[in-house]
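Participant: Sequence:
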Amino acid sequence: DVLERGLNVFVEKPPGVTVTQTESLARLAERKGCITMVGFNRRFIPIMRVAKAFVEGEGVINTCIAEFHKYYADELPYYRGAVDILTCDAIHAVDVLRWACGEWRRVLSVVKRFGRGYDNAFYALVEFGSGRVGVLAANWASGGRMHKFEFHTSGVSAYVNPNDRALLYRHGKLELTITTQQAAGSSERVRYYGFYDENRHFIDCVREGREPETSFRDAVKSMQLVDEILRLGRVK
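One point on numbering: in the working numbering, the residue at position 148 of the sequence shown is 160, and numbering is uninterrupted.
Be aware that one or more of the hints could be misleading.
Derived DMTMM-like pairs: lysine to aspartate or glutamate, alpha-carbon spacing no greater than 25 angstroms straight-line [as the list claims (entries may be wrong)]:
hint, residue 1, residue 2
1, 44, 176
2, 233, 162
3, 248, 131
4, 233, 79
5, 25, 87
6, 25, 42
7, 25, 70
8, 124, 176
9, 44, 230
10, 233, 16
11, 160, 79
12, 124, 101
13, 82, 162
14, 124, 209
15, 82, 24
16, 233, 115
17, 160, 86
18, 248, 230
19, 124, 70
20, 44, 200
21, 25, 225
22, 82, 240
23, 82, 68
24, 185, 70
25, 25, 176
26, 25, 216
27, 233, 200
28, 44, 16
29, 160, 209
30, 160, 200
31, 82, 220
32, 25, 200
33, 25, 187
34, 160, 115
35, 233, 86
36, 233, 24
37, 25, 115
38, 248, 24
Derived by calculation from the structure, the hints in this document are not laboratory data.
Only a predicted model underlies this, so the values are computations on that prediction, with no experimental measurement involved.
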């Protein structure tokens, strides 16, 4: 209804429950001339931006590793099974792979059910354009929450825990350690975990009439990659 009225929209992830729904919203937004954005805030975490730029300063990222683990013991998945865990939550990690590596080409994946009657662990090896590689590991049957990323190019790497710090290596030596608060210039979570910056980005895009980095149109690609990981990983 909001898009039908021609209003600009910022939504939390996921942008839709299915790829088809997300594609439909993207088409409607384009037809109505709406500026849209999805809250894939990991892209906007200051320390993630610093780490990615550090690696790209040496060369094109050739490998990105995204891990997202949680302890989730409920008998039912999210919203009583209305949406799976990868689409609803671990999509954050999938979106970072796309952000770092670009357009994906093919996927090898495994989806598991550890101790539950629903999918709660997701693993994927993704080949992107120009030979880039992405690795996903997301386990909701783990002992606790851990979310971390790696960006690599020839001779330079960044190891990032957005809740803590980034270790930046060059040619075999640790060049810099930076905390997430230092990167953001703030100890407020709204600042250092990307929430402020993603909202600022959306507001600026509305003011300037340009497409946000994580528009519905772009988010379709993350949903498609999630869908492919699930489809191939569920094959017995």
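Participant: With reference to the structure, classify each hint as holding or not holding.
Facilitator: The hints, checked one at a time:
As the CA atoms of residue 44 and residue 176 are separated by approximately 41 angstroms, the hinted pair breaks the 25 angstroms bound. A threshold of 25 angstroms between alpha carbons decides the hint, and for residue 233 with residue 162 the separation of about 21 angstroms falls inside it, so the pair holds. A threshold of 25 angstroms between alpha carbons decides the hint, and for residue 248 with residue 131 the separation of about 14 angstroms falls inside it, so the pair holds. For the proposed pair residue 233 and residue 79, the alpha carbon gap of about 19 angstroms is at most 25 angstroms, so the pair holds.
A distance of roughly 23 angstroms separates the Cα atoms of residue 25 and residue 87; the hinted pair therefore holds under the 25 angstroms criterion. Taken as a hint, the residue 25 and residue 42 pair is honoured in the structure, with Cα atoms around 19 angstroms apart against an allowance of 25 angstroms. At most 25 angstroms may separate the alpha-carbon atoms for a hinted pair to count; residue 25 and residue 70 exceed this at roughly 32 angstroms. Proposed proximity of residue 124 and residue 176 is contradicted: the alpha carbons are some 29 angstroms apart, above 25 angstroms.
Straight-line distance between C-alpha atoms of residue 44 and residue 230 comes to about 17 angstroms, which keeps the hinted pair within the 25 angstroms bound. Taking the CA atoms of residue 233 and residue 16, the gap is near 23 angstroms; set against the 25 angstroms cutoff, the hint holds. With a C-alpha separation of about 5 angstroms, the suggested pair residue 160 and residue 79 falls inside the 25 angstroms cut-off, and the hint holds. Taking the CA atoms of residue 124 and residue 101, the gap is about 16 angstroms. The hint holds against a cut of 25 angstroms.
Note on residue 82 and residue 162: the hinted pairing holds, with a Cα-Cα distance of about 18 angstroms set against a maximum of 25 angstroms. Straight-line distance between C-alpha atoms of residue 124 and residue 209 comes to about 35 angstroms, which puts the hinted pair past the 25 angstroms bound. Distance check on the hinted pair: residue 82 and residue 24 sit about 19 angstroms apart at the alpha-carbon level, within 25 angstroms; holds. Between residue 233 and residue 115 the CA atoms are separated by roughly 8 angstroms; this keeps the pair inside 25 angstroms, and the hint holds.
Among the hinted pairs, residue 160 with residue 86 is consistent with the structure: their alpha-carbon atoms are about 24 angstroms apart, no more than 25 angstroms. For the hint pairing residue 248 with residue 230, the CA-to-CA distance comes to about 31 angstroms; that exceeds 25 angstroms, so the pair is violated. In summary, the hint linking residue 124 to residue 70 is not supported, as the alpha carbons are separated by about 37 angstroms, beyond the 25 angstroms threshold. The hinted pair formed by residue 44 and residue 200 fails the criterion: a straight-line CA distance of about 37 angstroms is larger than 25 angstroms.
Restraint check for residue 25 and residue 225: the C-alpha separation of about 14 angstroms stays at or below 25 angstroms, so the hint holds. Straight-line distance between C-alpha atoms of residue 82 and residue 240 comes to about 22 angstroms, which keeps the hinted pair within the 25 angstroms bound. In summary, the hint linking residue 82 to residue 68 is not supported, as the alpha carbons are separated by about 30 angstroms, beyond the 25 angstroms threshold. A C-alpha spacing of about 15 angstroms is found between residue 185 and residue 70, which places the hinted pair at or below 25 angstroms, so the restraint holds.
Pair hint residue 25 plus residue 176 holds up; C-alpha atoms about 23 angstroms apart against a cutoff of 25 angstroms. Pair hint residue 25 plus residue 216 holds up; C-alpha atoms about 20 angstroms apart against a cutoff of 25 angstroms. For a cut-off of 25 angstroms, the pair hint linking residue 233 to residue 200 is broken: about 31 angstroms separates their Cα positions. Distance restraint check for residue 44 and residue 16: the Cα-Cα separation of roughly 7 angstroms lies within the 25 angstroms cut-off, and the hinted pair is therefore satisfied.
Restraint check for residue 160 and residue 209: the C-alpha separation of about 20 angstroms stays at or below 25 angstroms, so the hint holds. In summary, the hint linking residue 160 to residue 200 is supported, as the alpha carbons are separated by about 20 angstroms, within the 25 angstroms threshold. Distance check on the hinted pair: residue 82 and residue 220 sit about 38 angstroms apart at the alpha-carbon level, beyond 25 angstroms; violated. Annotation: proposed proximity of residue 25 to residue 200 holds, straight-line Cα distance about 22 angstroms (limit 25 angstroms).
A distance of roughly 35 angstroms separates the Cα atoms of residue 25 and residue 187; the hinted pair therefore is violated under the 25 angstroms criterion. For the hint pairing residue 160 with residue 115, the CA-to-CA distance comes to about 22 angstroms; that is within 25 angstroms, so the pair holds. This hinted pair does not check out: residue 233 and residue 86 have alpha carbons roughly 30 angstroms apart, beyond 25 angstroms. The suggested pairing of residue 233 with residue 24 holds, with an alpha-carbon distance near 16 angstroms, which does not exceed 25 angstroms.
Taken as a hint, the residue 25 and residue 115 pair is honoured in the structure, with Cα atoms around 20 angstroms apart against an allowance of 25 angstroms. For the hint pairing residue 248 with residue 24, the CA-to-CA distance comes to about 33 angstroms; that exceeds 25 angstroms, so the pair is violated.
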